[in-house]
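If you want the building blocks of each chain, they are given just below.
4 protein chains.
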Amino acid sequence: MSGSKFAYVKNYELPDPLLPGTFVVFRLDGHSFHRFSDEHNFSKPNDTRALKLMDHAAEALMKEYPDIVLGFGESDEYSFLLRKSTSLYQRRQAKIVSTLTSYFTSCYLFYWPTYFPNGLLKYPPSFDGRLVMYPGEKEIKDYFSWRQADTHINNLYNTAFWALVQQGGQTTTEAHATLRGTVSKQKHEILFSRFDINYNNVDARFRKGSVIVRVEIPELHEENEPPTKEGIDDSTTVQNPVKAGKTKKKKKSAPKTQLQVLHCDIISDSFWNEHPGILT
Amino acid sequence: MSGSKFAYVKNYELPDPLLPGTFVVFRLDGHSFHRFSDEHNFSKPNDTRALKLMDHAAEALMKEYPDIVLGFGESDEYSFLLRKSTSLYQRRQAKIVSTLTSYFTSCYLFYWPTYFPNGLLKYPPSFDGRLVMYPGEKEIKDYFSWRQADTHINNLYNTAFWALVQQGGQTTTEAHATLRGTVSKQKHEILFSRFDINYNNVDARFRKGSVIVRVEIPELHEENEPPTKEGIDDSTTVQNPVKAGKTKKKKKSAPKTQLQVLHCDIISDSFWNEHPGILT
Amino acid sequence: MSGSKFAYVKNYELPDPLLPGTFVVFRLDGHSFHRFSDEHNFSKPNDTRALKLMDHAAEALMKEYPDIVLGFGESDEYSFLLRKSTSLYQRRQAKIVSTLTSYFTSCYLFYWPTYFPNGLLKYPPSFDGRLVMYPGEKEIKDYFSWRQADTHINNLYNTAFWALVQQGGQTTTEAHATLRGTVSKQKHEILFSRFDINYNNVDARFRKGSVIVRVEIPELHEENEPPTKEGIDDSTTVQNPVKAGKTKKKKKSAPKTQLQVLHCDIISDSFWNEHPGILT
Amino acid sequence: MSGSKFAYVKNYELPDPLLPGTFVVFRLDGHSFHRFSDEHNFSKPNDTRALKLMDHAAEALMKEYPDIVLGFGESDEYSFLLRKSTSLYQRRQAKIVSTLTSYFTSCYLFYWPTYFPNGLLKYPPSFDGRLVMYPGEKEIKDYFSWRQADTHINNLYNTAFWALVQQGGQTTTEAHATLRGTVSKQKHEILFSRFDINYNNVDARFRKGSVIVRVEIPELHEENEPPTKEGIDDSTTVQNPVKAGKTKKKKKSAPKTQLQVLHCDIISDSFWNEHPGILT
Chain A
1 MSGSKFAYVK
11 NYELPDPLLP
21 GTFVVFRLDG
31 HSFHRFSDEH
41 NFSKPNDTRA
51 LKLMDHAAEA
61 LMKEYPDIVL
71 GFGESDEYSF
81 LLRKSTSLYQ
91 RRQAKIVSTL
101 TSYFTSCYLF
111 YWPTYFPNGL
121 LKYPPSFDGR
131 LVMYPGEKEI
141 KDYFSWRQAD
151 THINNLYNTA
161 FWALVQQGGQ
171 TTTEAHATLR
181 GTVSKQKHEI
191 LFSRFDINYN
201 NVDARFRKGS
211 VIVRVEIPEL
221 HEENEPPTKE
231 GIDDSTTVQN
241 PVKAGKTKKK
251 KKSAPKTQLQ
261 VLHCDIISDS
271 FWNEHPGILT
Chain B
1 MSGSKFAYVK
11 NYELPDPLLP
21 GTFVVFRLDG
31 HSFHRFSDEH
41 NFSKPNDTRA
51 LKLMDHAAEA
61 LMKEYPDIVL
71 GFGESDEYSF
81 LLRKSTSLYQ
91 RRQAKIVSTL
101 TSYFTSCYLF
111 YWPTYFPNGL
121 LKYPPSFDGR
131 LVMYPGEKEI
141 KDYFSWRQAD
151 THINNLYNTA
161 FWALVQQGGQ
171 TTTEAHATLR
181 GTVSKQKHEI
191 LFSRFDINYN
201 NVDARFRKGS
211 VIVRVEIPEL
221 HEENEPPTKE
231 GIDDSTTVQN
241 PVKAGKTKKK
251 KKSAPKTQLQ
261 VLHCDIISDS
271 FWNEHPGILT
Chain C
1 MSGSKFAYVK
11 NYELPDPLLP
21 GTFVVFRLDG
31 HSFHRFSDEH
41 NFSKPNDTRA
51 LKLMDHAAEA
61 LMKEYPDIVL
71 GFGESDEYSF
81 LLRKSTSLYQ
91 RRQAKIVSTL
101 TSYFTSCYLF
111 YWPTYFPNGL
121 LKYPPSFDGR
131 LVMYPGEKEI
141 KDYFSWRQAD
151 THINNLYNTA
161 FWALVQQGGQ
171 TTTEAHATLR
181 GTVSKQKHEI
191 LFSRFDINYN
201 NVDARFRKGS
211 VIVRVEIPEL
221 HEENEPPTKE
231 GIDDSTTVQN
241 PVKAGKTKKK
251 KKSAPKTQLQ
261 VLHCDIISDS
271 FWNEHPGILT
Chain D
1 MSGSKFAYVK
11 NYELPDPLLP
21 GTFVVFRLDG
31 HSFHRFSDEH
41 NFSKPNDTRA
51 LKLMDHAAEA
61 LMKEYPDIVL
71 GFGESDEYSF
81 LLRKSTSLYQ
91 RRQAKIVSTL
101 TSYFTSCYLF
111 YWPTYFPNGL
121 LKYPPSFDGR
131 LVMYPGEKEI
141 KDYFSWRQAD
151 THINNLYNTA
161 FWALVQQGGQ
171 TTTEAHATLR
181 GTVSKQKHEI
191 LFSRFDINYN
201 NVDARFRKGS
211 VIVRVEIPEL
221 HEENEPPTKE
231 GIDDSTTVQN
241 PVKAGKTKKK
251 KKSAPKTQLQ
261 VLHCDIISDS
271 FWNEHPGILT
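Line by line, the protein sequences are chains A, B, C and D. Those letters in the first sequence? Residues 1 to 280, per full-length UniProt numbering, in order. Those letters in the second sequence? Residues 1 to 280, per full-length UniProt numbering, in order. Those letters in the third sequence? Residues 1 to 280, per full-length UniProt numbering, in order. Those letters in the fourth sequence? Residues 1 to 280, per full-length UniProt numbering, in order.
If you are wondering where the hints come from, they were derived from the structure by calculation, not from laboratory data. Hints may contain errors.
All copies of an identical chain are treated as equivalent in the list; a pair is satisfied when it fits inside any one copy or across any two copies.
What the hints assert, rightly or not - Restricting the straight-line Cα-Cα distance to at most 20 Å, the calculated cross-link-like pairs of lysine to any residue (SDA-like) are:
#1 Lys5 <-> Trp272
#2 Lys95 <-> Leu19
#3 Lys52 <-> Gly21
#4 Lys52 <-> Leu19
#5 Lys95 <-> Asp16
Keep in mind it's a predicted model, so treat the numbers as computed, not measured.
Hey, can you work out the whole structure from these sequences and the hints?
Below, the structure written as structure tokens:
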């Protein structure tokens with residue numbers, strides 16, 4: 001029962017490499033999360049527990065895959081930027097997209113009880129993933145700007161919509177009708193005049209989404225010297241610390257970094273200027 | 001903050017359709033499951049709980065995706081056959097491979113406590129997936145024969161190897177040395193003469209892997225008639241029953257099917273002859 | 001000035017193999033041949049010289065590439081079937097499509113003076129090419145049927161159209177108006193009643209297009225024996241004859257074949273039954 | 001005989017777009033030109049007529065396809081740069097590679113008599129083509145540097161080789177042996193000391209290959225004013241002139257350009273600085 005006479009079927013696996021030297025965006029989206037959020041009683045318009053779970057899964061993914069240099073999440077979707085020189089899985093597309101989606105999914109279930117301690121999962125949720133190649137820095141900035149602009153548009157609508165329903169007593173049909181054709185400014189106005197909500201004071205997590213970056217941990221002093229007070233890094237979330245025993249004198253070690261979740265604007269240039277490591 | 005000036009980035013998403021009219025195999029493999037099985041104390045050479053969990057996730061996937069007409073699993077891998085006319089996700093490759101891998105992963109974690117009630121997951125496991133197109137029936141039979149021949153070769157080796165280690169007191173290095181260069185017959189001989197193990201009596205699940213097929217449920221009598229004894233379907237695992245309320249008299253409903261997990265030979269023609277629906 | 005530091009750019013060439021075990025159709029079309037045929041005074045509705053030149057180029061292509069087992073041409077397009085096991089250029093798509101299109105183009109110019117002895121080429125004509133994979137025999141039959149049905153539809157229309165213009169004195173606008181909305185039978189009627197043309201008597205080359213097949217040359221008798229009268233092959237267009245000196249007694253040589261241009265129906269099964277070698 | 005029931009076969013044509021926003025290099029190579037050059041008695045090591053014919057075909061291609069902004073040729077190969085925003089044939093790969101290869105081939109035959117007035121083509125030559133995407137300017141410069149470095153290496157070798165054979169009386173085997181293991185400097189030395197050839201004085205066409213660029217034609221004066229002497233463009237090879245009648249006052253017309261064939265260095269930055277339009 002040797003398998004050799006059947007092994008030719010392996011030749012049908014076609015190569016699917018990403019073009020070298022291009023940035024790669026990996027985006028995943030929740031599959032049927034409208035139903036999933038209903039079944040699990042997510043708060044409307046935003047459920048902080050669910051968003052933090054997404055962020056946690058995203059952080060875990062970035063910890064596992066150091067070639068991811070940026071993450072951006074909103075609602076049930078997350079985008080990740082792979083640095084253009086990445087050779088992850090020899091840049092094979094199906095391998096990358098399936099493994100990253102799988103690991104994120106796994107983390108989502110693994111950390112679920114941390115954020116929903118009293119809410120059992122009723123059925124297994126899933127995500128779809130895709131890879132998109134971008135040749136230059138401009139396209140990358142525009143990609144992430146596109147996602148954050150989307151966050152803004154959706155969240156403003158949803159905030160107004162649910163205010164009309166939850167506080168204004170409208171049916172969902174009525175609320176949609178109220179908002180139909182309104183521009184941004186009018187939605188701000190509705191929120192402020194009817195519900196005393198200043199949209200700009202809404203939690204930045206909801207308005208801006210979540211941005212995950214790697215930041216360098218300031219260099220510690222010589223290891224056998226007692227660190228001065230200023231040198232102490234008291235962060236509790238240090239990621240990927242370089243193991244002391246592995247540090248070699250001759251070889252300059254890569255700077256230690258940790259992941260940081262921000263809820264800041266990424267459309268203006270200042271974000272990119274403050275994080276030059278993302279695109280280089 | 002309209003997103004319209006950024007929306008051009010969507011044009012970078014390239015189409016990736018599968019060729020129409022071809023069979024598609026979706027195979028997934030555990031990522032670093034050597035370590036995962038060690039950390040979670042899987043029995044050697046086979047852990048029945050882990051194999052049953054794989055089967056359960058595979059069944060759940062086939063229940064969710066009716067276009068999967070066959071599943072075959074061994075160890076930490078599973079192959080699925082999508083019927084050649086499937087239009088799942090418009091046959092988009094990244095969508096299919098990521099979603100199916102994600103859902104399987106999700107089920108693996110979701111059902112983990114069922115099979116490991118006392119064994120907490122230490123970290124999130126993941127899988128990679130791939131899609132392979134095959135133009136004809138011959139290649140499909142040969143593909144699944146290839147996987148089952150692989151099951152046989154691996155399991156015979158592992159059975160002999162762990163017998164040498166666990167019962168024969170050899171180190172793993174010694175056991176590898178003992179088996180080096182042996183052919184199938186010699187491994188049978190080692191098992192029988194030294195450990196009184198008749199390999200052919202080893203659990204078929206280990207020797208043959210798991211085969212999941214859809215089988216038709218015999219038609220029930222008219223719904224408002226009491227079923228005769230013969231008509232009773234007492235299976236507890238009926239899948240995809242046609243809801244009574246949805247049954248229309250004019251439209252012939254698709255036959256009701258249920259999933260069945262077998263541990264049988266799929267290399268000889270008889271399997272394919274007995275399940276003609278798989279390839280047509 | 002060593003090139004080694006630049007050679008990395010070669011890595012950007014992505015693999016593009018055809019799926020193994022599938023039939024491959026190569027189709028080429030004349031680029032802007034409406035203008036080309038006007039500039040070179042092609043007869044309307046069909047120019048026999050131009051069609052024969054297309055056939056000649058197609059035959060030359062099939063002579064050069066033995067893996068092409070069938071050709072079908074109409075107007076300024078030609079389709080070729082590559083047998084499913086072909087390993088031409090390791091099945092690389094760009095290599096195949098560019099080389100075959102180039103060689104056909106080259107033959108078109110090379111043999112132009114043979115068919116247009118008094119008509120100089122005014123400018124260089126070109127063709128585009130494409131490759132399409134088909135998994136099974138049914139799709140191949142349907143592909144070639146599709147092209148021949150197209151030939152029929154176009155030629156019937158064009159024959160009626162140019163009869164109205166050339167013999168009926170209509171302007172082209174009037175002729176289009178006359179034919180608008182007519183079905184096949186009505187076009188036959190117009191041709192017959194107004195112009196005494198029985199469409200079924202129109203040259204089969206125009207009605208059916210050109211079909212190029214490889215046919216076996218009957219085996220000759222022992223070389224040192226005088227051939228009997230029946231054994232004489234008096235064809236003047238023997239292609240790819242096996243060189244006598246290369247014939248080995250032990251090894252059965254492939255049957256000698258020659259190309260044959262037909263103008264027959266290929267939609268009915270009888271064509272395929274009479275040429276079983278095409279699909280096997 | 002409607003074709004509609006067969007038309008589904010068209011669905012098997014898969015999309016093959018180039019990634020947007022990337023530079024595209026189209027390279028073609030002569031197919032079996034070693035034999036072709038022998039059969040047509042090309043001079044060794046370089047045949048100026050054959051090189052000029054290649055240049056002529058390349059110029060014709062660039063005239064026909066304005067999106068080609070640079071050409072580079074050596075021996076029987078030519079590379080062309082398509083500007084990154086090109087939407088030629090909706091960026092469909094097979095369409096582009098087949099059409100461009102076909103048109104170049106057609107021009108090669110069309111202009112053959114111009115360069116070989118007494119040398120009939122013995123058989124139809126052909127070319128293969130390929131497309132390669134590059135995300136950035138650096139890769140484009142390096143690509144063309146790679147080809148010119150190749151030109152240098154090959155031509156120095158061939159010049160020395162044929163000097164040894166034609167003037168030194170060596171057999172080709174002996175000449176290969178003489179050159180085996182020699183570095184660039186040693187080949188210069190052989191040429192100079194034995195054959196009094198200063199390699200740097202060899203025709204730049206052979207040493208540098210052919211570079212085809214588009215250069216702006218200096219603006220003419222107002223059309224209804226008699227041009228001053230300085231304004232007269234007496235070039236005889238003006239390409240793509242803007243037709244006077246189409247010039248609109250409101251719309252600034254694109255600058256008039258003509259093609260120029262150079263034999264200059266393109267590895268150093270100065271070439272790219274002097275032709276800023278190529279990469280922007």
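We went through each hint and held it up to the structure:
1. Lys5 <-> Trp272: Only across copies: lysine 5 and tryptophan 272 sit 19 Å apart there, 55 Å inside one copy, limit 20 Å.
2. Lys95 <-> Leu19: both (15 Å within a copy, 19 Å between copies)
3. Lys52 <-> Gly21: neither (33 Å within a copy, 36 Å between copies)
4. Lys52 <-> Leu19: Intra 34 Å, inter 35 Å, cutoff 20 Å: neither.
5. Lys95 <-> Asp16: So lysine 95 and aspartate 16 pass the 20 Å test inside a copy (9 Å) and across (15 Å) alike.
In summary, the numbered hints that this structure violates are 3 and 4.
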